[in-house]
Every structure is written in C-alpha cells, then in structure tokens.
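Visitor: The lines below spell out each chain.
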Amino acid sequence: MKLTRAGDLREIDAEVISRDGGAIRVRIGDRQLAAEFTPNADGGGVLTIDGRRYRVFGARRKDSILVSVGPASFEFKPAEAASRRRARGLAAAEIIAPMPGKVLMVMVREGDLVEAGQPLVVIEAMKMETTLTAESAAIVKHVRVEEGQMVDHGAVLIELSPSPASSVRESAPRVE
Amino acid sequence: MKLTRAGDLREIDAEVISRDGGAIRVRIGDRQLAAEFTPNADGGGVLTIDGRRYRVFGARRKDSILVSVGPASFEFKPAEAASRRRARGLAAAEIIAPMPGKVLMVMVREGDLVEAGQPLVVIEAMKMETTLTAESAAIVKHVRVEEGQMVDHGAVLIELSPSPASSVRESAPRVE
Amino acid sequence: MERRLTKLLVANRGEIALRIIRSARLFGLKTVAVYSAADAKSAHVGAADEAILIGPAEAAKSYLDIAAIIAAAKHSGADAIHPGYGFLSERPEFAQAAADAQIVFVGPRPEVMAALGDKVAARRIAVAAGVPVVPGIEAAEISATREYAALVGYPLVIKAAAGGGGRGMRVVAEAAQLESALGAAAREAAAAFGDGRIFVEKYLAHPRHIEIQFLGDNHGAVVALGERDCSIQRRHQKIIEESPAPGLTDQMRAKIIGAALKLARAAHYTNAGTAEFLVEGDDFYFLEVNARLQVEHPVTEMRFGCDLVCEQLRIASGGKAPEPAAPRGAAIECRINAEDPEHDFRPATGTVLHLSVPGGPGVRFDSHLARGAEVTPWYDGLLGKLVCYGANREEARVRLVNALGEFALLGVTNNAAYLRDIVASGQFRDAKLSTHFIDSFFSGWEIGKSEIDAAIVAAAITAGGAMGDIPSDGPALPAGAERRSPWDDLKNFELWGSRR
Amino acid sequence: MERRLTKLLVANRGEIALRIIRSARLFGLKTVAVYSAADAKSAHVGAADEAILIGPAEAAKSYLDIAAIIAAAKHSGADAIHPGYGFLSERPEFAQAAADAQIVFVGPRPEVMAALGDKVAARRIAVAAGVPVVPGIEAAEISATREYAALVGYPLVIKAAAGGGGRGMRVVAEAAQLESALGAAAREAAAAFGDGRIFVEKYLAHPRHIEIQFLGDNHGAVVALGERDCSIQRRHQKIIEESPAPGLTDQMRAKIIGAALKLARAAHYTNAGTAEFLVEGDDFYFLEVNARLQVEHPVTEMRFGCDLVCEQLRIASGGKAPEPAAPRGAAIECRINAEDPEHDFRPATGTVLHLSVPGGPGVRFDSHLARGAEVTPWYDGLLGKLVCYGANREEARVRLVNALGEFALLGVTNNAAYLRDIVASGQFRDAKLSTHFIDSFFSGWEIGKSEIDAAIVAAAITAGGAMGDIPSDGPALPAGAERRSPWDDLKNFELWGSRR
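Chains as they are written, first to last, in the numbering used here: chain B, 1 to 176; chain U, 1 to 176; chain D, 1 to 500; chain F, 1 to 500.
Hints are computed from structural coordinates only; laboratory data are not their basis.
Note that CB positions come from ideal geometry on N, CA and C, so glycine has one too.
Wrong hints could be hidden among the right ones.
[Stated by the list, open to error] Taking CB as the label site, the calculated pair distances span:
hint	chain 1	residue 1	chain 2	residue 2	range
1	B	Gln32	F	Phe441	26 to 36 Å
2	D	Glu446	U	Asp112	31 to 41 Å
3	U	Ala34	D	Phe441	29 to 39 Å
4	D	His206	F	Arg4	44 to 54 Å
5	D	Gly318	U	Gly117	28 to 38 Å
6	F	Trp445	D	Lys61	41 to 51 Å
7	U	Ser18	B	Ser161	55 to 65 Å
8	F	Phe441	D	Arg235	50 to 60 Å
9	F	Ser425	D	Val120	55 to 65 Å
10	F	Ala190	B	Gly148	16 to 26 Å
[Stated by the list, open to error] Simulated crosslink set (DSSO-like; lysine-lysine; CA at most 30 Å straight-line):
hint	chain 1	residue 1	chain 2	residue 2
11	F	Lys449	D	Lys7
12	U	Lys62	D	Lys449
13	D	Lys30	F	Lys432
14	F	Lys7	F	Lys30
15	F	Lys7	F	Lys61
16	B	Lys102	B	Lys62
17	F	Lys61	B	Lys102
18	D	Lys449	F	Lys7
19	D	Lys449	U	Lys2
20	F	Lys74	F	Lys7
21	D	Lys432	F	Lys30
22	F	Lys432	F	Lys202
23	D	Lys449	F	Lys30
24	F	Lys449	B	Lys62
25	F	Lys449	D	Lys30
26	F	Lys320	F	Lys74
27	D	Lys61	D	Lys7
28	D	Lys7	U	Lys102
29	F	Lys202	B	Lys2
30	D	Lys30	D	Lys7
One chain only, chain B, in its complex shape (with noise of 0.2 Å):
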C-alpha cells in the first residue's frame, strides 16, 4: 500500500506486516518499525516504538485518514489518485484551489504562455492571501474560475497544457 501525505506528492510506501495483540510491525520503504498499540477509553491511544510513547488518535473522512501524534496532525491519502493522475500525463495540468476561499484575482487568460514561477490565481481564506502559481512552462488551456467567485478545497481553477517549448515535469502544482 501507497500513501501520500496531504500537500506533498512524495510516495510513502507502507505496509501492516503482522500484528499479535497489541503489537504491529509496520515496514516503510525499506524500514521496519516494531509498534505497540494500547488504546485509551477517549478514543486515541498510545503506540509505543524504540521506548518512545506516542498520544494517538485517527478518524477517517472521505477518502483521507487523520492522525494525530501528539500536538502534530497529518492527513494521508491512498497514492493511487495521485499515481493514477500523473499515469494519464496530468501532472500540473490543473491548477487546484489548497483551501476553500474567494478568488481574489485571475492573473492569465485562456490561449496564455505562463512560465514555470509565474503567478495564476490568487485565493484569499482567512484574510490571508496565498498565490497559486505554475509548476513549469505551460499554455492555459481552461480558466474555470473568475475574481470574486468562492471555490471549495479541491476545485479546478484553471487547465494547463504542456507548453511547446518545455515537457511537463513530473511532480504536482505547488502552492508559493
């Protein structure tokens, strides 16, 4: 199994090799981590690895998992979306709103040649501004958003297509 972390296209590849009770043996690309699991009447628990005690709790929403070791949250996803997105030559093709929020500004026209770096859209969520730019050169194929217009998280704001002049890197649209 192939896990993402939310944001972050690196692969992790993880897998449950045994378990007996409470303990887990758990092999990440080429580790292996021995885990003891002991649930606690809240609903987290502590899993115990190299003597170091961990706070856990973990709930599933749509198709992420959410955990949390102590203070620190992380939200994974299975790879495959991701994997099976950038199979169909799709990598930084599409540029997607991180959060939900207001469109503050269209900075590109369909038929555009952007270079890789130069900002597109800008998002504003909490009063805070963040500017989604392109990962390489590309053509705007599709602008799907206009300003003012609220997107969820997730939402496709604009289609790129690869740019005569550079191939498409293999990696995902960054947020600057």
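Position chains U, D and F relative to chain B; hints supplied.
Guide: Just chains U, D and F, lined up with the frame of chain B:
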C-alpha cells in the same frame, strides 16, 4: 407517551404537539410548553423556554434517553416497563441493585418476615455503603445473591412476596 | 541529603495521578503510571511515560498492594514514589517499604506518619506542643466515658483512633444512645481500620473546618501556605473548599497558623502536610494531621501561585521548603462526584457520552475525564475538581457559578447541578459557613422545576433523532430490524442536529 | 459619569466573543451575541443569553456592518457594546455610531481612536509627548525619501499610515528597490485601508517587540499593567507572547512604562489600550497604540491576577482604573492557528473530529473549539490561545511545552506542533528574542521524523478500523455496498479500540 425519570417511579405524561423549524410545542401533564431549539456544532444545542436559554445535550443509551440541561443531568425511560411491572403486582417485590457494586451484607434469609424500612442488603460501590430496605412489610421469597458477590446495575438481589399482614404499596423499592 | 531524582512512580489513579504526572514532568522527571485491570484505558495510563499493570480491579489487590507497587517501581527503575491521596498515601508501612527498596517516598518519614496517623497519638503531640484540642477522652471504660460525657455535655462525637476523612465518626445526641454507639463505633473501627480504639469528643454546635497547609524540609524548616476553609461537607466529606477562610481575622489566622507550625515542628514533619482544626467563635481546636497532599490543595496553589507537587518533589530530593510568595485573591474548589444528589447521593457509574469542560480566565479543571472514559464502581467517585480564582471571594464565587453552568456531562450521573445551586446560594455568598451548612440549608435540595421541563423537551428532541452527533452508547439496531423502540411514539419529527 | 450597565452586546465571534461573554457574566451583565450565517452553530452563539443573526458569512455584510450591529443592540436593549479585537474594534465611526445610539462603547472615545489609529498622527503625538520614535519620515516625494534613506541607511521599512498588525509592511534592502517598493506599498495601502499614505522608517537589526498594557478611566487616571514581549512573530503576526519581557532591566522597564503612560495621558486615553515599542539595546522606539483589547491580554491577566475585560467594563460604566496588584511569576501564550506549517502556513479549514484540551495547574485555554465545531474560510484562523503560568519563566515555558504535548486536534490542520518545537527550543529557552527569531531559527522547520513514523503506523491502525470511537466525517458507505475503499489494502486486522 409517558416517561419516567430513572430512580423515580412518578410518571411524566409528555407529548410533542407540534414542531415547525426549531419551534416545538410539548405537553407535560396538563401544561403546554413552547420551546425553540437551536442546534450547536458541538452536538448539543440551545433550548429557549419562556425567554430563558438552556444549553442541552442528549444521547440514547439502551432504553434510556440521557439529557443534560446546563450542569444538571437526567435519565429518562419510557414508562411502559415500570407500569407493566406494576400492573403485574410486582411493585416492591424485587430489591434491585441501584448501581453496580459488591454485596457487603445480606441481612435476611428466605422465609423471613420483614417490616417496612427494615434493612435487607448492603451494597458497596466507590468506597460507599448503600443499605437497601424493604418498602413495606413482606415475606422474603428468594435471596438471589450472597455476600461478597459483585452485582450489576439493575440486578435483582431479593424477591419479596406480600406479607399476609399488610398489602404491598404501589411504589418502587427505595434506597435509604 | 541532596538526591537527584530521575523517574517518579505515581502510586495512584484518576485526577490526582494525572495531576502528579503533569508536575513531575515540569520538575523534569520521567513518570511511571501503575494501573489495575479496570483502569487499563484510563487517562493516567496514557499520560505517563511508562505504565505498569499491577493487579485486578479490586483495590486491595492493586492500588493497595504494597509489594506489587514496589515491584513495579524496581522494574521500571523509578527512584521515587508519589502516593497521591487515599489508597496507600498514609500507610507508614508503604513509606517504609519504599525506603527499604532505596526509593524516595514523596511524603513524611514512616515514623512521623505513624505517629500522626494515630489520632490519639497525634492529639497527645498537639497537647504537648501547647496546641488546643477539642475536649475529649479516649473511650476505654463505659462508666468513665459516661462520667466524662455528663461533664462536657451532649451532644458528643465518637471517632475511630485510626480513622480519617470522617470515616467511622458518629454523633451521640443523648445519654441513652451512648453505650450502643460506643459498641458499634468500636466494632466498625475494628472492621474498617483493624484497630478498635475510639475516642469521645465534645460536639461543637457551629464549628468551621479550617486547615493549614504546611511544608517541612529535611533541613528543619517548616513553612505555612495559609489556610483553607473546608466547612461545606456532606456526611463528613468535603465538597467545597476555599482559601482564604472568609471573615477569619488576621489575629485568628496567625494563631492557627502558629499552632500548625508548632505541631509540625514538634512532629519533625517533612514534606507536605495539613493540620486540620475546628474553629468556633474565638476558639480553635486541633483535629488531625493529614500527612499527604490533600484533594483540595489547588485552592492554595491558585492563591500562592505555586505548585505544591513540585514543592513536594523539591523537598523529597533534598531541596528546601521555599518561603512562600504573598498570597493574592481568593480561590474556591468544588468536587464533582459520580453520585445522584436526587437519590440520596448514591454512587453512579457509566461511560462518558459527552463532556463540556469550562475554561477561560481563572478557571482550572483537574480531571481524568474525557468522552469515552468509564466510571466503574471500583474506586471513589471523584470525577474532577473545578477550581476558580478571583481577585476577591465574590469574583471567585461568581466565576465558579458560571463555570459550573458551562459544565455538562452525559452518561454519568453527578452532583454538578447540586454544587452549582450551593455556590449560587445566598447562604454561601454570605459565607454562613459551618460543618452543618448542608444539613442547615441543603438537606431538601431538589433540581429546579424549569430545568426538569427543559430536560423533558430535550428528551423529546433526542428521542426524535440524535440531537446532534453524540452516538448512542447502547447496541445499535441491526440494519432494517423491525424492533420497535420504546421512544418511537415521540419520533414524529426529523433529526434536529446537522447531518454530516 | 457613573452608568449602571445591564446588557452587553459582543460585536465579535470566536474565542474572544466567548471570553468577553464569560467576564460580562462575572460583571453581572446579560449578554447578546451577534453572528453571521456561517456562525449559526458556533460556541459564542450558544454561550450568550441572546443571539442575533446580523448577516451572511461575508464579514463586510455581518461583523463589519455597523448599522446591522447597532440595530441588533437596539433591538435587544443592550446598553453597551464590546468590540473585541479585529473587525470593528478600532473604527472610530463604530464607536461614534454606538454613542449616537446612546450605547456605551467599551473602548476609547471615537476621537482618541481616530487620532491614534492614524500612524502618522500617533507618531506626532508621541514626539510631542517626548516619547522616542523610530527615525523615519512620511514618504511624500521620492527624492526626499531617497535623501532620507541615504542618511539613516538601509535596510528601511515602509508602512501604511492607516495599517496595523503588520499589514502593508515591507522591508527595502537596498536603494535600487526603493522606488518600486514605495509605489507598490502606496497602492496596497490604498487598496487595503482606503488611504494611500505611507511612511518610511529605519529598519532595526535585532529589535524586540515590547508593549505596555494600560488602562485609563474617565476620571483622568491612567495605570500600566506591566509589559509583554511579543517578539516571536511570523510575517509580522505575533504567535508567542510573554510577560514579563525576559532580561529587561528594571530601569528599561520603568522607562518604557513611563513613555507609555505619558503617551496615554497626552492622548486623554480611556479604557484598555496597548502602546507598542521596538527595543534594541538601550534604545526603545514607539511603534503604535492598539486602541482595544489585545489578543495576548491573558499573559498580563495571569501575572497580575486580574480580569482585563472586567476592568474594561468597570471603566466603561464610569468606574475607576484600579491600582494594579503587584505582578507575580511569568506567563507565556501561544496562538494555535488553523494553518499548515509544513506548507507555507497556508490557511486550513475543516470540522473538528477530536479535541484534547490540556488542563491542570497554571494552564488556561481560551478557545471556541469543541468536537463538531467547523472552521470556515470566512474569518481569521485563530483556534485558541494556550497560556501557561509559572513561578518563573522556565516553569511557565516547560508547562507550555507539556500542555502543547497534551493538545490534540483532528480535522483541522494547525500549528500546534510547530509552536511546541519553538517553545521547547534552546533558542526560546535562552530568550534569544527578536522580531527575526522565526527567520533566524525556524524558517526551515519540519515535523520530526519519528513523529511521521508514528503517524504512519497510526494511519495503518486507523485504516484497519476506527481507532476508537471517533466517527468518520465522510459519507458512510451504504450498507452492503460493494465500493472498495482505497484503504482496504491496509485493512488486514481488527478494530483496536473497544467496541461499545
């Protein structure tokens, strides 16, 4: 619909007369109450009655409904079970454990004639002793527990039959 | 005398274990929790750096098992043990067993504990130190006791020499009851404490319970951290405590503190302890010393801005008892217990289905509760301590009323509404404090009628669906099952809460 | 001048609305919450005695709509309005509208707010009062600005005259950037504040941000409640604040407090306010006055044992600013924000699936969060303020590290682990405080590798069933559905949590 509060055999005759959005009319005995309910994200809500706002939470557990009104907590049960038992003439006929605990003392034996108020069993829970007494004169029909035994909430400890000398009053066993 | 500690075993459970773990971590120690099988999923187990199962649910085979706890300490490499309150906290043989195992016991030395743990012996120490005690005698022979009773007058109170916390106390109203009461008390004492000795004291009409917190170190210093008024008791169990004691004159305060310090010095006391007194008018009488941390210690911490568990650890590792900061403001604590105030306070158990915890300025909640936590019948029913600070008593009091108003707990019947009504009352506001406060003003307490009405409406809403997203605790209905719920008659409207 | 208040409308939302409601109740006032459609189920709505919908989610049409809020106040019969912080709290026209409606505004008079709200005007007041300011000029003409820049040297900082809280600030490293930076800053300021005036100041290399809390009453008295160090900022937004300022000499403290009081008196200031300064070496420079309650006010409350909202209400009803108690100990606050510290701190939203709140001695958590609460993109992302007290800074600091360790929040990505790592760091322990702290020590922050490993294992356990009883937030699978979950590959073991 008739309710009883846990530990209290007086019946409450309550009925939802109407509801419209958050507005709800409830009849309690021969009174009518108009209430407004506004749900809160935390799973509870605000109930407004006569201009006063109550923070309420509610949950179901087995055949009970648990609610809290501010710091006060309540357990309701449908009255059917209790009234059915009374209809069968079993009131006061069973001494029931009001909480889980350990039977510390059994003070009567089968065939004993007991008087109203006479101690029958002592249960210990949470470092406290609770003495269960006879509600009315009766004959001990069956002692179902022995000293040292752990019992669950609601377990029948002693069965009584009506004393030849007096009739069984129509009320529940009381904890003194 | 200095000994650098590294790892602390907490020989307790519930809120106090969690509270000790927090301060141990602040003091830089690793922590070891011990737990019974009934507590495997409890908060203190998850909070510590290590957790060791020491036995089955029965306290006698787990939290009271000295050998099991000492073994756990050795196994984990703990170099100190904190006993908390209750359980083994005042057992000299436990302190001795720790010492024998070269483990620092966070409390007084065993011999001090033994001397003060015996009420008769403690009383003798007090008398020798010139500290006033309630007029009374050891009850040996019935005729001597009867004579003494006639002298000081009824009512009298009978206490177990080995007892504490109000256990084994009984009041004798008139001469006719004396003989049977003495017999019953002696039998009870023998059964409860393995020690049938009792003594008889004058019963005071309107005494206040006032106690002095003190700290003694291994260098001979003893300091006091003011007083607490714990007069609000139900059947000799404290339920509301505060500091400072309202209306106590500076002169009386100084006298009582002076007496406590004399006593502690006479006993060569080390670590944290409390001297309890009854105060009536201009008189005060020594009651007993609690040779441990008290449940109600947070009110002192809030007023003095200190951490008493850290001070205990500092003293246990050879440090000095610090000169306390000047106290500030007022603090009031109430004990939220798993009990049913509408039904003779019988103990309650259950699983927490919902918990709303108060917060904000001046509010502290010490508790091991969380949604999902189980309250079992095995141990005492203290669910949490809600403590409020204010610039003055009235500010602390109103804060506590409001904080109790924010508290909500579903699944375990408790006394929070009862406490709210007491703290909100005119009698408490006016500090009409005596140990008879509850009997005088709250013996016939009932929940408010308008709250019952609101509860019935809330029950109807809950029956109509889940109110919000609080799940049912009972077995869910099998999908598509035909079983009719007893609540279906009320189920004539939709879910009120949001569906997610 | 005395005016007895009875009902307070709280013109805000989130943690601060809840916090104000708590103190208003303590002060004996009924409370009115206002809310936007997005906040109908929020905590402050449930906590108040009344709640009034004032508009749709957009702040401009709800929390920033003066007419709607004044109408709500009139409708509910509120005789006072508390603006909190942010939103309308520093808008003189809001204070004026309240005054016009005969409603007491809990804050300074409109004309004072107007004078101090303009940075250039505030700077002039400071200079007139003899309070040092950062060397700088109003940027009018480019050639004059260029000359000035050459005089004081680069780097420089450009600020909007009408700005605040770091908004509209930009640093100019060298002469070549000056002209375009001035143009951009003026345009930004005009767009953001409707006022394109800017000014240019010397940029300090390692300044600390130190601010003075003061209270002025209607009788002419102004008192100071010590200082706060708010140097730990990320992009000019404070994230960790403390009191006292570590290492500040008594002499410097007295000087800065003196300057703040001079300034407040010169401005005829009433109610609560904060004078902000930059401090470098033995020099300090006035920055601005925040004419309202600050987010970080709890650290002052913990040190002084006071309730600043109660003091605001007392002053607003004609009472006197009290002589503050002597401060005690140290307090540190950190702001838990809905943002992703691993991805450039982009804002996060979501529904709270689980929340563990720290507690115990010296811990205060001011928050509107509860399980089920929704964090929407409409408003700022402050989820809560975790504040710890200690007898000294190190005790407060370690308590905060431990309290952050007890904090857990599922469902809304947040910066708690980032804050924990900062507060636990040697740099913070050693108080290497400057406004460049984050850039110097935490620009490349990453979550610990061992925590990621633990998270992966926890994810595997969660995938294998629910970990415990935390429900899924997503749509449940239809019963008997054949749809294959992407997590099924990991689902080779049973539910670990208890089934109930």
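Visitor: Next step is simple, just say for each hint if it's right about the structure.
Guide: Tested hints:
For glutamine 32 of chain B paired with phenylalanine 441 of chain F, a C-beta distance near 34 Å keeps the hint of 26 to 36 Å intact. A C-beta distance of roughly 35 Å is found between glutamate 446 of chain D and aspartate 112 of chain U, which places it inside the suggested range of 31 to 41 Å. Taken as a hint, the range 29 to 39 Å holds for the pair alanine 34 of chain U and phenylalanine 441 of chain D, whose Cβ atoms sit roughly 34 Å apart. Checking the proposed 44 to 54 Å range against histidine 206 of chain D and arginine 4 of chain F shows it is violated: the Cβ atoms sit about 37 Å from each other.
For glycine 318 of chain D paired with glycine 117 of chain U, a C-beta distance near 59 Å fails the hint of 28 to 38 Å. In this structure the supplied range 41 to 51 Å holds for tryptophan 445 of chain F paired with lysine 61 of chain D, their Cβ-Cβ distance being about 49 Å. Evaluation of the 55 to 65 Å hint for serine 18 of chain U and serine 161 of chain B yields a pass: the beta carbon distance comes to about 60 Å. In this structure, phenylalanine 441 of chain F and arginine 235 of chain D meet the distance hint of 50 to 60 Å, their C-beta atoms being roughly 58 Å apart.
For the pair serine 425 of chain F and valine 120 of chain D, the beta carbons lie near 57 Å from each other, so the given range of 55 to 65 Å is met. At about 19 Å, the beta-carbon gap between alanine 190 of chain F and glycine 148 of chain B stays in the expected band of 16 to 26 Å. Among the hinted pairs, lysine 449 of chain F with lysine 7 of chain D is consistent with the structure: their alpha-carbon atoms are about 26 Å apart, no more than 30 Å. Between lysine 62 of chain U and lysine 449 of chain D the CA atoms are separated by roughly 26 Å; this keeps the pair inside 30 Å, and the hint holds.
About 28 Å separates the Cα atoms of lysine 30 of chain D and lysine 432 of chain F, which keeps this hinted pair within 30 Å; it holds. Between lysine 7 of chain F and lysine 30 of chain F the alpha-carbon distance is near 5 Å, which keeps this suggested pair within the 30 Å criterion. With a C-alpha separation of about 24 Å, the suggested pair lysine 7 of chain F and lysine 61 of chain F falls inside the 30 Å cut-off, and the hint holds. Between lysine 102 of chain B and lysine 62 of chain B the alpha-carbon distance is near 23 Å, which keeps this suggested pair within the 30 Å criterion.
Annotation: proposed proximity of lysine 61 of chain F to lysine 102 of chain B holds, straight-line Cα distance about 15 Å (limit 30 Å). Between lysine 449 of chain D and lysine 7 of chain F the CA atoms are separated by roughly 26 Å; this keeps the pair inside 30 Å, and the hint holds. A C-alpha spacing of about 18 Å is found between lysine 449 of chain D and lysine 2 of chain U, which places the hinted pair at or below 30 Å, so the restraint holds. Between the alpha carbons of lysine 74 of chain F and lysine 7 of chain F the distance comes to roughly 11 Å, so the proposed pair stays at or under 30 Å and holds.
Under the criterion of a C-alpha separation no larger than 30 Å, the hint pairing lysine 432 of chain D with lysine 30 of chain F is consistent with the structure, at around 28 Å. At most 30 Å may separate the alpha-carbon atoms for a hinted pair to count; lysine 432 of chain F and lysine 202 of chain F meet this at roughly 22 Å. For the suggested pair lysine 449 of chain D and lysine 30 of chain F, the alpha carbons sit about 22 Å apart, so the restraint of at most 30 Å is met. Restraint check for lysine 449 of chain F and lysine 62 of chain B: satisfied, since their Cα atoms lie roughly 26 Å apart, inside the 30 Å limit.
Under the criterion of a C-alpha separation no larger than 30 Å, the hint pairing lysine 449 of chain F with lysine 30 of chain D is consistent with the structure, at around 22 Å. Restraint check: the Cα-Cα separation between lysine 320 of chain F and lysine 74 of chain F comes to about 27 Å, which is no more than 30 Å; the hinted pair holds. Distance check on the hinted pair: lysine 61 of chain D and lysine 7 of chain D sit about 24 Å apart at the alpha-carbon level, within 30 Å; holds. In summary, the hint linking lysine 7 of chain D to lysine 102 of chain U is not supported, as the alpha carbons are separated by about 36 Å, beyond the 30 Å threshold.
Between lysine 202 of chain F and lysine 2 of chain B the alpha-carbon distance is near 52 Å, which puts this suggested pair outside the 30 Å criterion. Among the hinted pairs, lysine 30 of chain D with lysine 7 of chain D is consistent with the structure: their alpha-carbon atoms are about 5 Å apart, no more than 30 Å.
Checked against the numbered hints above, the structure violates hints 4, 5, 28, 29; every other hint is satisfied.
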